[in-house]
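Participant: Below are the chains, spelled out letter by letter.
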Amino acid sequence: DTAVSQTPKYLVTQMGNDKSIKCEQNLGHDTMYWYKQDSKKFLKIMFSYNNKELIINETVPNRFSPKSPDKAHLNLHINSLELGDSAVYFCASSPYPLAGGTDTQYFGPGTRLTVL
Amino acid sequence: EDQVTQSPEALRLQEGESSSLNCSYTVSGLRGLFWYRQDPGKGPEFLFTLYSAGEEKEKERLKATLTKKESFLHITAPKPEDSATYLCAVQDLGFQKLVFGTGTRLLVSP
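Chains as they are written, first to last, in the working numbering: chain A, 487 to 602; chain B, 3 to 112.
These are computed hints drawn from the structure, not numbers from a lab. Treat the hints loosely; a few may be bogus.
[To be verified] With a straight-line cut-off of 30 Å between C-alpha atoms, the simulated DSSO-like cross-links for lysine-lysine are: (1) K59(B) / K522(A); (2) K71(B) / K61(B); (3) K530(A) / K71(B); (4) K65(B) / K527(A); (5) K81(B) / K538(A); (6) K538(A) / K59(B); (7) K71(B) / K538(A); (8) K538(A) / K527(A); (9) K81(B) / K508(A); (10) K538(A) / K495(A); (11) K526(A) / K70(B); (12) K538(A) / K553(A); (13) K538(A) / K70(B); (14) K61(B) / K538(A); (15) K530(A) / K44(B); (16) K553(A) / K530(A).
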């Protein structure tokens, strides 16, 4: 059973195009995240949603827009793709909202985006 | 701002040769320190969470420890299947996000 799934796994596209990446989790978690992993393997948070509400929005270009239709899904839409957007994008989920205590984030398999 | 530094960047071991990976961190208040394993082409796989200095956790050949400034991931008698990138991350008391280090690439040769 897949816990956090992402589609597509690979995405190759031309500069200037618009593309979407989808994420779904079947863990019953309240919070979902998007991370970007660059060519040096550095993972950095982009967004986080808790029960469909945006709670973390790092310094990310406006061309990136997350959407959460329900708490099990978090999609990432990217407009006017640029060469520098090439990276691996990971979705993650965790069980707790912004309450006390540490929660563990579980990651999806990643989407490798290549912009030509 | 929270910072995580991992060393070494890469480590090559012979099968059975024990070693340790280091994760130094700076955080205003630590909610938790996480270790993940990442295989090529896959997402990070959760290993451990450590909450306070002095805490230790073990799983098979791996043991994670925590002080107020750093964490170690000890690998005892590693096997080739332990080869992966090991990522350390911290979660600040005030935030939900994880701040990751750049990882240690471990290669265990038979």
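Participant: Would you mind marking each hint as holding or not holding in the structure?
Facilitator: Hints and how they fare:
1. Distance restraint check for K59(B) and K522(A): the Cα-Cα separation of roughly 28 Å lies within the 30 Å cut-off, and the hinted pair is therefore satisfied.
2. With a CA separation close to 22 Å, the supplied pair K71(B) and K61(B) stays within the 30 Å bound.
3. A threshold of 30 Å between alpha carbons decides the hint, and for K530(A) with K71(B) the separation of about 21 Å falls inside it, so the pair holds.
4. For the given pair, K65(B) sits about 24 Å from K527(A) by alpha-carbon distance, which is consistent with the 30 Å threshold.
5. Under the criterion of a C-alpha separation no larger than 30 Å, the hint pairing K81(B) with K538(A) is inconsistent with the structure, at around 43 Å.
6. Our distance criterion of 30 Å between C-alpha atoms is broken by K538(A) and K59(B), whose separation comes to about 34 Å.
7. Taking the CA atoms of K71(B) and K538(A), the gap is about 35 Å. The hint is violated against a cut of 30 Å.
8. Restraint check: the Cα-Cα separation between K538(A) and K527(A) comes to about 28 Å, which is no more than 30 Å; the hinted pair holds.
9. Straight-line distance between C-alpha atoms of K81(B) and K508(A) comes to about 36 Å, which puts the hinted pair past the 30 Å bound.
10. For the proposed pair K538(A) and K495(A), the alpha carbon gap of about 24 Å is at most 30 Å, so the pair holds.
11. For the given pair, K526(A) sits about 28 Å from K70(B) by alpha-carbon distance, which is consistent with the 30 Å threshold.
12. As the CA atoms of K538(A) and K553(A) are separated by approximately 8 Å, the hinted pair is consistent with the 30 Å bound.
13. With a C-alpha separation of about 35 Å, the suggested pair K538(A) and K70(B) falls outside the 30 Å cut-off, and the hint is violated.
14. This hinted pair does not check out: K61(B) and K538(A) have alpha carbons roughly 35 Å apart, beyond 30 Å.
15. Distance restraint check for K530(A) and K44(B): the Cα-Cα separation of roughly 16 Å lies within the 30 Å cut-off, and the hinted pair is therefore satisfied.
16. Taking the CA atoms of K553(A) and K530(A), the gap is near 19 Å; set against the 30 Å cutoff, the hint holds.
Against the hints set out earlier in the document, violations occur for numbers 5, 6, 7, 9, 13 and 14.
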